[in-house]
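*Asks:* Here's the letter readout for the chains.
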Amino acid sequence: MNLIGFAQTFFNDPSRWSGSDGIPTRLAEHVEYSLLALAIAMLIGLPIGLLTGHTGRGGNALAALATAARALPSFGLLVLLTIMMGLGLTPVMVPLVALAVPPILVTTYEAMRGVDPALVDAARGMGLPTARVLWQVELPVALPLILSGIRSAAIQIVSTATIAAYVSFGGLGRYIVDGLSQVRYDKVVGGAVLVAGLALATLAFFWLLTRLLVSPGVRRSR
Amino acid sequence: MSFFDRFFQVPSDLQNSWWGLVGWQFHLTLLPVLWGLLLALPLGLLCARFRWLYPPVLGVATVFYAIPSLAFFVFLIDVTGETPITVEIPLTIYTLVVLVPAIVDGMRSVSEETRAAATAMGFGTLRRYLQVELPIAVPAIIAGLRVATVSSVSLVSIGVLIGNQGALGNLLSDAMNYHRPLLAWDAVLTIAVLGVLLDALLVLARRLLTPWARKATSA
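Line by line, the protein sequences give chains A and B.
The first sequence runs 1 to 222 under this note's numbering.
The second sequence runs 1 to 219 under this note's numbering.
If we strip away everything but chain B, and leave its shape as in the complex, we get:
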């Protein structure tokens, strides 16, 4: 068997193919990031609109973020069992914590003139948020998403410690048990490549969503 074949050969106790593990990893990573984004958008709007709300939200968020992922997983086992949800809830909260400040900062970077112009054109709060402030905040939001996504990809692997919910991380426990370094290389390299790939996709998304930014720099 060639080295290449062995690299993609997953031990049979995982009951999964290499591609299956990659798909699982994507699922466990992207679903929480998506949920985090969906929750952060209205929360960011509220925090930017009601200034008194921002410091307490930021405080609670920082405290949640300080709870280690393994400890967080463990607390949840009692409630959600050894299921994917146990891994997904903490990752959703981490994403939320990174994104809310990013959205608030992004919205604060919208100039007063722009806001006034939108209001003068008859935009209500929600429409101004969706069509003016949010697009201008895209670079800040994507910067937050990049941090959240890339760290989620690698945090998922810790899920193996709480009952084989680690997707590619499950290769790591097999690497230890059977003493097969190649499996550990497989996990580390694949996770790193997935992280860099997702990061590149987000950079691409930013370029597509903010066409004016490129024109401004080339001018």
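If we strip away everything but chain A, and leave its shape as in the complex, we get:
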């Protein structure tokens, strides 16, 4: 049977669409882990990125930190923490957050550094206080790049949340991990299709978000 055949077998099975191992439940679990990890990563990455980017200090330290974090294998970290701490939300969240903070942090820093200094000077010259310069001038101009950083973080989280199933957590990875061990290839392919679909939906969501949030003036200049 080919990929399409496997996918059809999976999606045509009516029992797939309900219950604790049904697609709606697994999809909801996957989205839940992903959103929680993204929220934590944004809470860590955005303030530090905005502040260091605004002041222009600490860029080298951030770059070094990001490389070190990128070198940490998410899957390895997940297995290690699960063995050490037992099954729980923390061993699943730590690798996902560690994966997502560097892109958010580094792109936010670079987005803020990339704001034309003439704009900032003009805003200051008009008598805007620092906080308003940050919120009303630097942030809107830096926003497209900041959003692209959050987008790559979100997609990496959605991809990687799959491996949580390996340590008997839920989410869409369940179908892939269970299917591989049961040699049920339709399940494996169905799970992979769902994760890939969710990743593409995330991409589309951020495209829409960028259309809505980025001011038309900034968009035109890019």
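Worth flagging that the hints you see were computed from the coordinates, not collected in a lab.
This structure is a prediction, so every number in the text was calculated from the model and none was measured.
For every residue, glycine included, the Cβ atom is placed at its ideal position computed from N, Cα and C.
Worth double-checking, as some hints may not be accurate.
As the list claims (entries may be wrong) - Covered stretches of chain A, going by a simulated chain B footprint (3 or more residues, C-beta under 8 Å): (1) 17-24; (2) 35-49; (3) 59-70; (4) 155-166.
Unchecked claim - Taking beta-carbon pairs under 8 Å as the criterion, some of the chain A residues facing chain B (in silico): (5) M84; (6) L87; (7) V177; (8) L203.
For chain A, the structure is supplied; the task is to place chain B on it using the hints.
*Replies:* Just chain B, lined up with the frame of chain A:
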């Protein structure tokens, strides 16, 4: 047995030594990065030369990049079986996706005067690309290579889920099965050290390939 000996002791079911696993990891990581670079160089040239080509290429690339590695591996099992190629193809595509924009951006950063000077000296397109534009784009290309290489090193370990093709990642399944945390530490630390090491080598390569950059900053 000392702690040090135990750290390098690989369970016999993996039929590999610690160094064997490290070599395997290098193989699975570097071959895709090399292929990605070889494919990205002509593609980057085409995208920079024919501007209309860049947006669709970037779009397709972004979509491919959004496909999770585990899902990508799984799709390929049907075609390539549980072999190293199944791990290598997705990593090659990820590298390509990171490198093409890096090369295009790098080439666009070449000033019009430089390009005009090269043309005036009688350089054709290919020669100008290889001898003028590519060297100037080296920092951008290496920045892309660093991201691709370091993430490939850690993505390889996921290969263990599709039939023990994870090199050092195979230690992780043993760590779970036998409940031996030390094996997990071994995998995580070794992979992280390999990532940082390869990154440092790329930074070194950039310094060697762009001697003018250092002179400019010290002046």
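*Asks:* State for each hint whether it applies.
*Replies:* Consistency of the hints with the structure:
{"no.": "1", "hint": "17-24", "in the structure": "violated (count 0)"}
{"no.": "2", "hint": "35-49", "in the structure": "violated (count 0)"}
{"no.": "3", "hint": "59-70", "in the structure": "holds (count 3)"}
{"no.": "4", "hint": "155-166", "in the structure": "holds (count 7)"}
{"no.": "5", "hint": "M84", "in the structure": "holds, 6 Å"}
{"no.": "6", "hint": "L87", "in the structure": "violated, 11 Å"}
{"no.": "7", "hint": "V177", "in the structure": "holds, 7 Å"}
{"no.": "8", "hint": "L203", "in the structure": "holds, 5 Å"}
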